[in-house]
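There are 2 protein chains.
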Amino acid sequence: MSDRLTIALDAMGGDNAPEIVLRGADIARERYPDVRYLIFGDESAIEPLLATLPKLRERAEIRHTTDRITSETKPSAALRTGRQSSMWLAVNAVREGQADAIVSAGNTGALMAVAKFVLRTPKGVDRPAIAGLVPTARGECTMLDLGANLECDTENLVQFAVMGALFSKVVLGVERPSVGLLNVGAEELKGHEVLRSAAGRLRETELPLKFAGFIEGNDIAKGAVDVVVTDGFTGNVALKTAEGTAQLCAGFLKESFRSSVLAMGGYLLARGALRKLRLRLDPRRYNGAVFLGLNGVVVKSHGGSDAYGFGNAVCVAIDMQRNGFMTGMRSEIERLYGGPGPQAEAIAG
Amino acid sequence: MSDRLTIALDAMGGDNAPEIVLRGADIARERYPDVRYLIFGDESAIEPLLATLPKLRERAEIRHTTDRITSETKPSAALRTGRQSSMWLAVNAVREGQADAIVSAGNTGALMAVAKFVLRTPKGVDRPAIAGLVPTARGECTMLDLGANLECDTENLVQFAVMGALFSKVVLGVERPSVGLLNVGAEELKGHEVLRSAAGRLRETELPLKFAGFIEGNDIAKGAVDVVVTDGFTGNVALKTAEGTAQLCAGFLKESFRSSVLAMGGYLLARGALRKLRLRLDPRRYNGAVFLGLNGVVVKSHGGSDAYGFGNAVCVAIDMQRNGFMTGMRSEIERLYGGPGPQAEAIAG
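Line by line, the protein sequences give chains A and B.
Quick note on numbering: this note's numbering labels position 32 of the first sequence as 954, and the sequence is numbered without any gaps.
Quick note on numbering: this note's numbering labels position 343 of the second sequence as 1265, and the sequence is numbered without any gaps.
Pairs involving identical chains hold if they fit within one copy or between any two copies, as the list cannot separate such chains.
In silico lysine to any residue, SDA-like type, Cα no more than 20 Å apart, as pairs: (1) 1112 to 1077; (2) 1144 to 1176; (3) 1132 to 1260; (4) 1045 to 1249; (5) 1045 to 1250; (6) 1112 to 999; (7) 1176 to 1140; (8) 1176 to 1198; (9) 1038 to 1249; (10) 1144 to 1177; (11) 1176 to 1062.
No wet-lab data here; the hints were simulated from the structure.
Sequences and hints are given; from them, build the entire structure.
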């Protein structure tokens, strides 16, 4: 793959497409000026916007289609009828080697279905997972699966651990990420059989991660581990519960400041510091769920994201590709299953 | 049952037993002066403390035992060796009709095991659940199961819905509680088969609750429903994740106020309002998980609770008993399974 990366963009996905897609790509361009873009969607909507972003225009190519997958499209319907949609064509560009990664703010379920169908999983990966970042007292952690697989077996969880740790290393720069399995208690005998056997596998296998055993829900925000591994049902509930609680706290805080003249005065004095607090919890910083375990880098931006958030998602895709996520994943999964690759020997030596 | 209620107290459970148990009961006594207490534990530790609480002393009787179940005792070990422990004897007092309810700040797993073994479930209830209160934008909601049953079948969830709604009515005074099933999406086709069939049952059955369908993690803190029903694994993770996130927000807020002199000045002005905010999120207000679905009222206070929190847990036990939780549960479960009781006819008429 050349140094010059190309990112495929689904320009028609998300609440404010194509505008935030293009403005987001333009923000990413400031950080990575060499990257090129293949933009899939309705040319008549894209072209006028792109004309206002001349530096992006130079690095972009439009692939026209008027078909789109909406937020209401069921995954099964996307698979049946979505072949000419901007989302499908963008994913297909990765499969055909025209692009190195795809970013979409469209329907998550449809994107996962299309990405699985078009890109498939590499050898040794049974199922792809959705991973995301969660703010913690120590920065942020990677959590997966966030909803692609409601039920998981032992090997699914072990593979998620490997892929999540690699993501943490490649995108967040954590050298030897610690990984915890989300459970209802830290003791070895707690929880489902699948969790206990996954813990056994992670303890025994030689992997480029620190296995920290079981963690509980409150350990996530503490930053007890760099990577939280769980099934898609639990991960989805935990992530949304954390988001809901953070919003509740923010709402309560706002009400408190409005509750008296003194409190309002206090707010005025403290507002610089409080603005920083808001930034720290800003969901846009944590935008960009990634689909791990496919033959290609797929990043999903929030549907309601703004350009700043979409730009972050594009940067995550670029970081994954530049820092070798795909080759790393293939070699680590091979090592996990005792493949005779040079990595396995290097570890043994 | 007489108007004069008797509460059995496990005086040796929790981090600061027996002190917070006795001081907590004394706080509950102020609200309910007629209630009597059977206090199980080491007389030599209890008697001197009780001497300093003369009004409680008048209403209390000590049942001496030096055996206790510690926070490290496994549930299975509690069942094998705990028969003379303060916890077991207190639970047994309910079974024998000497007390109307039992409150303990001891080991949750052991308390559930002992309570299940000694009290059993009433006819029609397959498994007891742990229910607790969670703060929301609209006040608080009841959530269950919080960890008694890691896996649940359809009927478990339906029974939890009935019992949770009754608890919400009896203790929180919600007239016709709305009940949501925690899932990864609101659409009817989302989630596990067990959830979909439980939703079907709750939609069809005539029950004294409003079934609100599926809710997602972020709906909990919004206060979208009065009662959140889920399996014990998911409920435990969601509750602890919410607690962890609230602590994270509080920590970030504290740091913000310390980040500059201006911010510190702002804090001084706003601190009255912020104190109210702290109270609103005070976990002691939400103390007292209850075990629903047993032949007796069992309330579990946090192990690290203070006297105020323990007193709240005692008041929950009193409220449940005074407001007829036990008789209500039996009749509603009977109605659920088509028992020919007068309630079923009253509804049909």
